[in-house]
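K.L.:
Residue numbers (this note's numbering), protein chains in the order written: chain W, 1 to 564; chain Z, 1 to 271.
Derived from the structure by calculation, the hints contain no laboratory data.
It is possible that some hints are incorrect.
[As the list claims (entries may be wrong)] Ranges between beta-carbon positions, derived for each pair:
1) Z:A139 x W:E195: 40 to 46 Å
2) W:L417 x Z:N188: 39 to 45 Å
3) W:G81 x Z:P84: 55 to 61 Å
4) Z:Q181 x W:S75: 36 to 42 Å
5) Z:T212 x W:E195: 42 to 48 Å
6) W:S75 x Z:P84: 45 to 51 Å
7) Z:V264 x W:P464: 24 to 30 Å
[As the list claims (entries may be wrong)] Straight-line Cα separation of at most 30 Å, DSS-like style, residue types lysine-lysine; simulated pairs:
8) W:K258 x W:K232
9) W:K83 x Z:K229
10) Z:K229 x W:K80
[Claimed, not checked] Just a few of them, taken from the derived set where beta-carbon distance is under 10 Å, the chain Z residues facing chain W:
11) G175
12) G235
13) L237
14) F262
Note that beta-carbon positions come from the ideal geometry of N, C-alpha and C, so glycine has one too.
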Amino acid sequence: MSATVKTAGKTAGWVDDRFTSSNFLKRNIGKVFPEHWSFMLGEIALYSFIVVMLSGVYLTLFFKPSMIELAYNGSYVPLKGVKMTEAYASTLNISFDIRGGLLMRQIHHWSALFFVAAISVHLLRVFFTGAFRKPRELNWVIGVGLLTMALLAGFAGYSLPDDLLSGTGLRIAQGIVLSLPLVGTYLSFFIFGGEFPGTDFISRLYAVHILVVPGLILALLTAHLMMVWYQKHTQFPGLGRTNDNVVGYPLLPIYMAKAGGFFFVVFGVITLISGLVTINPIWLYGPYTPDQVTAGSQPDWYIGWLEGSLRMMPNVEWVIFGYTLSWNILVPAVILPGLVFTVMAIYPWIEQWATGDKREHHLLDRPRNAPVRTSLGAMAVSFYVLLWIGGGNDLIASFFDMSINTITWFLRFAIFLVPPLVFVATKRICLGLQRRDRDKLLHGMETGNILRLPHGEFIEVHAPISDEEKAVLMAKPERTPLTMPEEIDENGVAMPGARGARLRAKLSNFYYADNIPLPTREELEAAEAHLRHEVEQAAPAMEEDRRLIPAHDGSVLHDPAIDK
Amino acid sequence: MKKRSRRRSFAAGILMGSALILVGTGYAVVSAETTPSPEPAVAAGSLEQLQLGRQLFLEGCSSCHGLQGEGIAADNATGGNGGPSLIGAGEASVDFQVSTGRMPLAVPEAQAPRKDVQYSQAEIAAMAAYVATLGPGPANPTEEQLNLENANIAEGGEIFRTNCTQCHNFAGSGGALTNGQYAPSLMNATPEQIWQAMITGPQQMPVFSNETITDEDKQNLIAYVEALKVEPNPGGLGLGRIGPVAEGLFLWTAGLLSLIAFAVWIGAKVR
Ligand code: HEM
Chain W
1 MSATVKTAGK TAGWVDDRFT SSNFLKRNIG KVFPEHWSFM LGEIALYSFI VVMLSGVYLT
61 LFFKPSMIEL AYNGSYVPLK GVKMTEAYAS TLNISFDIRG GLLMRQIHHW SALFFVAAIS
121 VHLLRVFFTG AFRKPRELNW VIGVGLLTMA LLAGFAGYSL PDDLLSGTGL RIAQGIVLSL
181 PLVGTYLSFF IFGGEFPGTD FISRLYAVHI LVVPGLILAL LTAHLMMVWY QKHTQFPGLG
241 RTNDNVVGYP LLPIYMAKAG GFFFVVFGVI TLISGLVTIN PIWLYGPYTP DQVTAGSQPD
301 WYIGWLEGSL RMMPNVEWVI FGYTLSWNIL VPAVILPGLV FTVMAIYPWI EQWATGDKRE
361 HHLLDRPRNA PVRTSLGAMA VSFYVLLWIG GGNDLIASFF DMSINTITWF LRFAIFLVPP
421 LVFVATKRIC LGLQRRDRDK LLHGMETGNI LRLPHGEFIE VHAPISDEEK AVLMAKPERT
481 PLTMPEEIDE NGVAMPGARG ARLRAKLSNF YYADNIPLPT REELEAAEAH LRHEVEQAAP
541 AMEEDRRLIP AHDGSVLHDP AIDK
Chain Z
1 MKKRSRRRSF AAGILMGSAL ILVGTGYAVV SAETTPSPEP AVAAGSLEQL QLGRQLFLEG
61 CSSCHGLQGE GIAADNATGG NGGPSLIGAG EASVDFQVST GRMPLAVPEA QAPRKDVQYS
121 QAEIAAMAAY VATLGPGPAN PTEEQLNLEN ANIAEGGEIF RTNCTQCHNF AGSGGALTNG
181 QYAPSLMNAT PEQIWQAMIT GPQQMPVFSN ETITDEDKQN LIAYVEALKV EPNPGGLGLG
241 RIGPVAEGLF LWTAGLLSLI AFAVWIGAKV R
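In isolation and in its complexed conformation, chain W is listed as follows (with noise of 0.2 Å):
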């Protein structure tokens, strides 16, 4: 064991004598985390938000989070003598007259977008391998929690600088509070204090985005690194790995040195961005006043889907004794991400219910090996696309020189036929790589070698794949739909319960029935005698062509090493 180890341990053996834990330590000193680039995914969101509260905390010395009215008097000359709030006024300050505080808010806000842009890349690697299968179901929920959260602080960041784009942005959700039948005006006097944007919102989302959200987000962190923890990390299948082991390198010092290493990468990123690229330049926004909008409003790219959403929402209202039921905010902004989002949070619990798999799983599936899960997941990245895009779609016709109405009637249609068509497609991908498998163990890899035989024939030769790769392939595990159950018994009873044991039968199948079988052990042995057979038959001819090489002139030479 190497020094670290046993510093490591001389340090566990200190805390022992306090705390009596050497258990627990020298437990976990030894872990083993298995290998994949995409197991850092999770990694950059903390690294990033590590940095969010770095730069974050910087920037609570300086900001002011007062709506109090002021002249501005700082040193942005298009701004001097403009009215402005208070946490205008100090964004500004930080812009311009503090050393470093471009540099910060800049590596705050680009930090921001890289954490919920890491936590959803780092969501969708563990949907496509489910990883979310028991035993981690619980994890995915504080997941997808982790993932409200930091929408909820990426909006309230965004709407604290009280510039145009702020307002605008709570505006809008002040209009979605208001569109919420029977509570929604006294929800939105309770939370403004009054009369839209009255002169209290901007301290209290100061500490909704401070305190509240960065605590919460620290909690469900600290629990869901603790659980990777306690119920250790998958793996993807490979040689020697199993269902019961986990294969990679221990906690010290291999994994600490390269996670240690890519915070630093991830920081400097960052920051090198942050250096060189302009972000949320408030100071060509202007302050906010209910009375100015600007095009190119948007929200920051995380809120675009739903941006997008209420963009290509029809304009639909009822009018109920009075009443006006708004769907045309109600649908796009608060139906559908409760929606989706519900649907994410227990999706867990769907499949195992549709396929009846509650065993539990620490070995990864290759994406291609779970068709529909990976083809619904496919459909849900589509959906969000197309949702992205609308959000965008006044830039996309400047852009691209098109209609915006023919932009957003487009997706109208596009939303309902995009995703179903996407599914059928990654199905059919899905399904045509598990083909190639089954290929590969039987007749072994192409070579690109076409072969004539001595009796004239012409065949390509094929190579036995790896003892590593036919590990990976074997591993797929073999699925069998639930049978269809009777549904009266013998004496001609309707059977209890037996509706919903025919549904979950048909999911099941929906799930699981078009798997490509992987060879049986006869199929593979009778696979096995044949290469070896194709192999022996090549190889005399196999020699005479490594014996030729080409020259200069075209012209094929004996080589004399070989011929040695």
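Position chain Z with the ligand against the provided structure of chain W, taking the given hints into account.
P.N.:
Structure of chain Z with the ligand alone, referenced to chain W:
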């Protein structure tokens, strides 16, 4: 090793960033005005000038706007071009339309785009003077009106945000309107053209008369737009000054991809 790859990623950052900003601003770049061709000297307001203007109008404009500027209805059946009546369009409107290259219209589109100017200053002035005789309309701003020396930029910014940003964007970068129409970027408009645009209200743009925006406020506003043109981006690349969508695009392309590339690289290193 580490240093080298850092530097490489730095270069890549700059490269990708500049590629993005190129895309971001490229669409807005409109070719510079052509150098005026040798022109006959005619005195402003002289009979000669009016004659020249009428002649140019008959040659270049009457096919769409009519021999007397009375306008021609577009004939969809024969694909014939039409143009609105210019009676009462005024000097400022002609000057704006022709000096921005919008007129003469080349192909009928949702909206006449800004393009290369076809006429010299004197020729434009002549046509403008001729059209002004067809009926009273808005006149060109005087030199005094365009004097921005005492303009208040901050004041102008307020006027700009209240009246113009909903179509032209917060930084005058332009924006889309409905049905394929758009408010163009203001970064190529001269102070005179900005003034003319305000008093003539081309296409979807409203007219900003003296009651809505006083002469003094027009000066302030123009000074603000002129300041925007030359104002550097203190935070680095401006990404076209079109708002958060460009930032999001940059994040998902240059930003996140470079981090994932690092992750793959680190993941592969220990093997
Ligand atoms: C402990 C954690 C945090 C602290 C102390 C903090 C602090 C602050 C402060 C003081 C501001 C206002 C000053 C300014 O806008 O420049 C701000 C803005 C902002 N915050 Fe945070 N924040 C924290 C976490 C987060 C998180 C987790 C996110 C996103 C996921 C986030 C996203 C933002 C955004 C987008 C802004 C607007 C930045 C801008 O002006 O460009 N913050 N934050």
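K.L.:
State for each hint whether it applies.
P.N.:
Hint check results:
Range check, Z:A139 to W:E195: Cβ separation about 45 Å, and the 40 to 46 Å hint holds. Between W:L417 and Z:N188 the C-beta distance comes to about 41 Å, which sits within the given range of 39 to 45 Å. With their beta carbons about 42 Å apart, W:G81 and Z:P84 fall outside the hinted range of 55 to 61 Å. A hinted range of 36 to 42 Å holds for the C-beta pair Z:Q181 and W:S75, which are about 39 Å apart.
Z:T212 and W:E195 have their C-beta atoms about 27 Å apart, which leaves the hinted 42 to 48 Å range violated. A hinted range of 45 to 51 Å holds for the C-beta pair W:S75 and Z:P84, which are about 48 Å apart. The supplied range of 24 to 30 Å is met by Z:V264 and W:P464, whose beta-carbon atoms lie about 28 Å from each other. Of the pairs offered as hints, the one joining W:K258 and W:K232 holds, with about 18 Å between alpha carbons and a cut-off of 30 Å not exceeded.
Annotation: proposed proximity of W:K83 to Z:K229 holds, straight-line Cα distance about 24 Å (limit 30 Å). Restraint check for Z:K229 and W:K80: satisfied, since their Cα atoms lie roughly 18 Å apart, inside the 30 Å limit. This hint holds: Z:G175 has a C-beta 3 Å from the nearest C-beta of chain W, less than the 10 Å allowed. Using the Cβ-Cβ criterion of 10 Å, the hint placing Z:G235 at the interface with chain W is satisfied: the shortest such distance is roughly 3 Å.
A cut of 10 Å between beta carbons decides the hint on Z:L237: the least distance to chain W is about 5 Å, and the hint holds. With its C-beta approaching chain W no nearer than about 5 Å, Z:F262 sits inside the 10 Å limit, and its interface hint holds.
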